[in-house]
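> We have chain A already, so just place chain B on it with the hints.
Protein chains: 2
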Amino acid sequence: MNNPHIVILGAGYGGIMTTVNLQKSLGVNEARVTLVNKHDYHYQATWLHETAAGTIHHDQTRIPIKDVVNMSKINFVQDTVVAIKPDEKKVQLENGELEYDILVIGLGFEAATFGIPGLEENAFMIGSINSARMLREHLDYNFAMYHNETEKNPARLNIVVGGGGFTGIEFIGELANRVPQLCEEYDIDRDQVRIINIEAAPSVLPGFDPDLVEYAMNSLESRGIEFVTGAMLKECKPDGIVYEKDGKQVEIPTLTTVWAAGVRANSIVEASGFTTNRGKIEVRGDMRAPEYDDVFVIGDCALIMNPETGRPYPPTAQIAIQESKVVAHNVKAMAQGNTELEDFTPNILGTVASLGHNDAIGVVMNNRKIFGWKATVMKKIIDNRYLLKLGGLRLLFKKGKFKIFY
Amino acid sequence: MNNPHIVILGAGYGGIMTTVNLQKSLGVNEARVTLVNKHDYHYQATWLHETAAGTIHHDQTRIPIKDVVNMSKINFVQDTVVAIKPDEKKVQLENGELEYDILVIGLGFEAATFGIPGLEENAFMIGSINSARMLREHLDYNFAMYHNETEKNPARLNIVVGGGGFTGIEFIGELANRVPQLCEEYDIDRDQVRIINIEAAPSVLPGFDPDLVEYAMNSLESRGIEFVTGAMLKECKPDGIVYEKDGKQVEIPTLTTVWAAGVRANSIVEASGFTTNRGKIEVRGDMRAPEYDDVFVIGDCALIMNPETGRPYPPTAQIAIQESKVVAHNVKAMAQGNTELEDFTPNILGTVASLGHNDAIGVVMNNRKIFGWKATVMKKIIDNRYLLKLGGLRLLFKKGKFKIFY
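Those protein sequences? They're chains A and B, same order as listed. 5 is the number of the first residue of the first sequence in my numbering; add one for each residue after it. 5 is the number of the first residue of the second sequence in my numbering; add one for each residue after it.
Chain A extracted, bound-state conformation (with noise of 0.2 Å):
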């Protein structure tokens, strides 16, 4: 190929570290680099929970895309993919067409409703800065309204999360924070705030072990969180939920009902004509799509097994970051003409999941159990870490966690 065309589609976690590592190997006459994203900004989707509850601000979750790509240096394209066409190696754009040579596919994921009645309507998602943003904003206006109703509306302080995965449980520990600092801000009294958890499975946090859940559940209780376990969403409406539980169906009036408890990958994938395992691209060892072999696929797009267990790798931000180290490789390797490329090998360091700003549970290095502040520390180190793999110190001072102890 003579000076070839990339193109990255997405700037996540995947696409945008996988710009970054190219922006620093590839030299300016090896290859054009062109990155196409629907916003000006990169952000931590990992943060999205804190940015919904209100915790953190949505500017420390986002990240200009000009801020850690060179302009000039790299093509950046604001607009949103339409359709990808491999056969013809073109990609349609809400406002215009690419022509690649080598394409990265790195689109994300979007919520499963999984057909329950109500919920696409409905329900909040925590799945962009704007839908967090919205969702902040949407606690806020329905604490403020409490007050102004002649007839008081209880559904207003209703909070009902459905999923209790790894981020339904994550925001439900933002929200046993920021509950009482709204109930402060706008004179309710904190016991007639609930807040709700609906979980199908026995348990909350399936996977997690036994004791790391207790122990979650324990603080999130005497935080004032109410868990309800083997139950089945049925029905969500404008004002209020059903669910299943022991062949009993309870209702639950609110205005708000956050669903966190189903991703799948970004469907131009699924309707672009990919062969797909659960709506994603199962990729080669080294990250291309099986059909094409000039398409990478990365992040929550791609399906990687897991041959120890026969199931597939969960879709973090932790794998997506350590594909886009094997992608920029390889991606570089075909631009100078080299065909031998690198295959890709999970290396899960381990897993945190925060309660708050101020409690976590988490698994690390050999499966040690971590909770409390020790488990907080490490997911603020996990978060920072990943500022300055993506952007130096300058980014770390600019959007780092230095409230490492509280």
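Careful: at least some of the hints might be erroneous.
Identical copies go unnamed one by one, so any copy, or any two together, can satisfy a pair.
[To be verified] Lysine-lysine pairs mimicking DSSO-like chemistry, simulated, CA-CA at most 30 Å apart:
hint: 1; residue 1: Lys93; residue 2: Lys384
hint: 2; residue 1: Lys77; residue 2: Lys89
hint: 3; residue 1: Lys70; residue 2: Lys156
hint: 4; residue 1: Lys336; residue 2: Lys241
hint: 5; residue 1: Lys336; residue 2: Lys28
hint: 6; residue 1: Lys336; residue 2: Lys94
In short, the hints are calculated from the structure, not lab data.
Frame of chain A; chain B shown alone:
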């Protein structure tokens, strides 16, 4: 009277200042004093336009009653007045009844909507901490919603303020400063937002000097405010307003209509059988109701005619505060069995209207016109002076406005 019971209704400017004055001057065994108020706080009604726009926090605008009233000397009852029965010397509260020997009515104002259809249901009023705080949240909410709808709704970004009088213009001034902040917060182009002031008179700020009115309009127009004068609001719908100008009806789609064009005295006064003039009690020279020797009326519930103009004095904080001195003096005299009461004479020291925190217009001593930074400084001195009067240096330092020049 032997240890008479003095009951003060309302902790607005008139009520709280009467209470504070009595607390200083009355001996412990001379009388019992009860203050009744809906909330456990007093608020600066003249700062509500800032609270509503979101330019100052509501906790700066309000003052816990216990911070300025000595609860061991004054009996504070947090309750809502339902009716006054002057013939029985009783006050009906939501949760009880009070008997009095001397009554002070300081129940403030409520919005007057002049029967304009839909205004009561759909417009926001700036009348209390609750309503101002909610309006602030409503503005935020609509900006937050804007990027979360597939079909963008420009009505979310149109703000209509009905009334170009003192309150309307002061609120518009704050909006002119606040909206660019909201645009930055929610990634919205300032040009997409319209702020429209509708006034029935041929000019805004009727009664003000034409030079100052021109100055104010220039200041606000340069910050993107649109004025529609000589226009009558005909209807307020949930999603828009209709006004009539030059015989033509014009519709503006908006989710935010703020009604700042009229106030009337608390309707409890009229409903309790007092003789009223424009809904208010036309008081005697000594601030007592015409038919009842034991009932004083203060602030927006009292009507005092200006003999020079033949029109009532405007319902301002300045006058209410001045009245409180005479009312407290006369109440004390009566409690001591003294029959010689003082008469009240208003002494208008000047009027300053803010146009945001960094601009203002006004008229001070000897009708001197001021504008720009001088008027801004004067406005903040007026605001701070009241805090000093009400709660001394301690309160001033806690709630004062110290960004004097900007």
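> State for each hint whether it applies.
Tested hints:
1. Lys93 - Lys384: neither (41 Å within a copy, 65 Å between copies)
2. Lys77 - Lys89: within (26 Å within a copy, 81 Å between copies)
3. Lys70 - Lys156: For Lys70 and Lys156, only the inter-copy Cα distance (27 Å) is at most 30 Å; the intra-copy one is 47 Å.
4. Lys336 - Lys241: neither (50 Å within a copy, 60 Å between copies)
5. Lys336 - Lys28: within (11 Å within a copy, 82 Å between copies)
6. Lys336 - Lys94: within (20 Å within a copy, 88 Å between copies)
Checked against the numbered hints above, the structure breaks hints 1 and 4 and satisfies the rest.
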